[in-house]
Amino acid sequence: MAIATSLNISRPEESRIAAWMELHSGRLMVLPAVLIVLAFALFQLIISAYLSLIRFKLAPGGYKLTFVGFYNFQRLRFGAQQYHFLGTFGVFGPFEWALAALAAATFLYWLYRYARSPAFRPFGFVGRLICAGTGFAVVLLILATVLAPGGFPGSLMTTLVYVAAGVAAQFAIGLGLALLCAQPIRFRNWFRVIFFVPLMVTPVGIAYTFRMLADMEKGPLSPLRFALHLGEFAWATDPWSARFVVLLGDTWQWTPFMFIVMLAAVEARPHEQIEAARIDGAGPLQIFRHVTWPAIAPIAATVVLIRLIEAFKIVDLPNVLTNGGPGLATESLTLHAFIAWRTQDLGGSAALGYFLLFISTVTCVSLFNFGVVRARRYQA
Amino acid sequence: MSDTPLFARLWLKPDPASLAPLAKVAVYGLLIFWAIVVIGPLYWVLITSFKLPIDVDNGPFYFPFIDFKPSLDAWHYLFVDVGNDTIRPYINSVIVAVFATFAAVIIGSFAAYALVRIQFQVKTATILTFIGLLVAIVVAVAALHIYWGLAVIVAIALFLIFLSTVAARFKRGLGNRDIEFWIISNRIMPPIVAVLPIYLMFQQVHFWTRTSR
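So the sequences go chain by chain: A and B. Counting from 1, one number per residue, gives the positions in the first sequence under my numbering. Counting from 1, one number per residue, gives the positions in the second sequence under my numbering.
Just so you know, these hints were derived from the structure itself, not from any lab. Just so you know, these numbers come straight off a predicted model, no measurement behind them. Hints are supplied without guarantee of correctness; some may be wrong.
[Stated by the list, open to error] Pulled a few chain B residues facing chain A out of the computed Cβ check, cut under 8 Å:
1) Ala-35
2) Pro-41
3) Gly-59
4) Ala-111
5) Ala-114
6) Leu-134
[Stated by the list, open to error] The calculated lysine to aspartate or glutamate pairs, modelled on EDC-like cross-linking and capped at a C-alpha distance of 20 Å, are:
7) B:Lys-24 with A:Glu-267
8) B:Lys-13 with B:Asp-3
9) A:Lys-218 with B:Asp-3
10) B:Lys-123 with B:Asp-178
11) B:Lys-123 with B:Glu-180
12) B:Lys-13 with A:Asp-280
13) A:Lys-218 with B:Glu-180
Heads up, the beta-carbon is just placed ideally off N, CA and C, and yes, glycines get one too.
Start from the sequences and build out the full structure, keeping to the hints where you can.
See the structure below:
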């Protein structure tokens, strides 16, 4: 009673409010996050879905929206914007057909194995079917636009190159640096601080920095051009060298993120097991394969997932560094959608956004199910 | 130890807690190489900020006082000649960064605490009804030109009727892990999907025609 008096909750209506708050505190705590996500995600998704089905046109006093059905999606896949989104398709030769058949057989065998396994679930099969279908479509796209003669990649392929090559390079370098910084050496705290710096620089600043560095006339690497007898070489005029420079900037910026997370994971690995393995005569590679990797795999899979999500949205670097050029060579999907928006093609921009959402969702959910969840099971 | 050949000694650890001499050289070499990769671009930007346009054009020059005479011209232009244009975007960035971080930490902490401490069970039918009503609002406002306030009130009323009548009959529901994944998965959404509706809404309220100080 004395406590109740001191807390001033003796009055019945106040204790009722306190009891109600106690009862609903969980919901009240989650509510702001749910409302924010609803207001800034679900609602936007629905409006954007509607926008992807319309044509936006400026009209006196405002704008006019005309319903066009799936025209914006068809235009990107089969119509006038196909070269921009999917790319220009080359002609398949025997090599391309053989690779396509091999990919189809691999995906079908994967589905067949799951269908015959005791873990088979109809929902899981549908998920794998979507994953295999998307994977096979990506393989066909690579064959048609990269390997086949006469092919040229569009913004979708360029984005996939940034995502796959960028995330792989960042993870490999980040993990390597983390393993090096975890060694018993002096100045390792200095190295950690230095390696973390690029993450604090704004992406636009990084793009301008790499524009200066990659200047083959006045940049710091221009003497290399003469040393290697490259003549009038300009990286910005070749599609793959331009993509490579964008990847360099992206890797420089995002490696610290991988490094810092992987360093925490490497330092938390079980030292007793490493010591025991060393006493048993295991070499560094064996220790990494059988002790370190199982311990850090769940964190590695999670950090790759987070980075994948962000990598699909790359826009600042290609926009500032190359403005999407030469031609469309370095244009990412987000930059493509941004350019469509600037040209008042709001429907096309929303349709592109939805294609990107589909690709990134399939990739990230697949990685979560086949990477993160399995890595956690493996660790357990 | 003294009988061991020099090359073999380079691979031997002096004690279990330290590295062999060659391994140490390799580790320091790789770390220093990456430190140069990290610092190099920043160094180039820094020294370029002390160059005059003529120094940039006649370059590349690498060392101040040796290759070129440093000048504060660019910094003077940035902070004195167009000082307001430098300070204003900086203050904008600080305001957005501070408030966005504060809001994210507060809202995220509350949600994380509740999701850890309390078990939620949200019925799938309730979520689908909510999404369906949101779609209905968008269609009603955009296609049927119904006043948005009226559409929202009708949708809320329908949702409350659903909750108090039919909702109890459904069993299937989502748990805490589903809610966590749903909140995190919103990071997947491409920025253009979020920006387009905001752009159209601001167009509706003539936001772009207003001037800012």
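Q) Regarding the hint that Pro-41 of chain B lies at the interface with chain A, is the smallest CB-CB distance below 8 Å? A) At 5 Å from the nearest chain A Cβ, Pro-41 of chain B passes the 8 Å test, so the hint holds.
**Q.** Given hint Glu-267 of chain A paired with Lys-24 of chain B - CA-CA distance at most 20 Å
**A.** Holds, at roughly 19 Å.
Q | Pair hint Lys-123 of chain B and Asp-178 of chain B, alpha-carbon separation not exceeding 20 Å | A | holds, 12 Å
Q | Hinted pair Lys-13 of chain B and Asp-280 of chain A, Cα distance within 20 Å | A | It holds: about 17 Å lies between the C-alpha atoms, which stays within 20 Å.
Q.
For the restraint on Ala-114 of chain B, tell me whether the closest CB of chain A is nearer than 8 Å.
A. OK, holds: Ala-114 of chain B within 8 Å of chain A, min 4 Å.
Q: Let me know if the C-beta of Ala-111 of chain B comes in closer than 8 Å to any C-beta of chain A, holds or violated.
A: Since the shortest Cβ distance to chain A is 4 Å, the answer is holds.
Q: Measure nothing beyond the straight line between the CA atoms of Lys-218 of chain A and Asp-3 of chain B; if it is 20 Å or shorter, mark the hint as holding.
A: Given that 20 Å is the threshold and the Cα spacing comes to 56 Å, the pair is violated.
Q | Proposed proximity, Asp-3 of chain B with Lys-13 of chain B (alpha carbon, max 20 Å) | A | Holds, at about 16 Å.
Q. Is Lys-123 of chain B within 20 Å of Glu-180 of chain B, Cα to Cα?
A. Holds, at roughly 15 Å.
Q: Double-check Gly-59 of chain B for me: the hint is only fine if its C-beta lies closer than 8 Å to a C-beta in chain A.
A: Check passed: Cβ of Gly-59 of chain B comes within 5 Å of chain A, closer than 8 Å.
**Q.** Interface hint for Leu-134 of chain B, Cβ within 8 Å of any Cβ on chain A
**A.** It holds, given that the least Cβ distance between Leu-134 of chain B and chain A is near 5 Å, below 8 Å.
Q. Are the Cα positions of Lys-218 of chain A and Glu-180 of chain B separated by 20 Å at most?
A. violated, 50 Å
Hints 9 and 13 from the earlier list are contradicted by this structure; the remaining hints agree with it.
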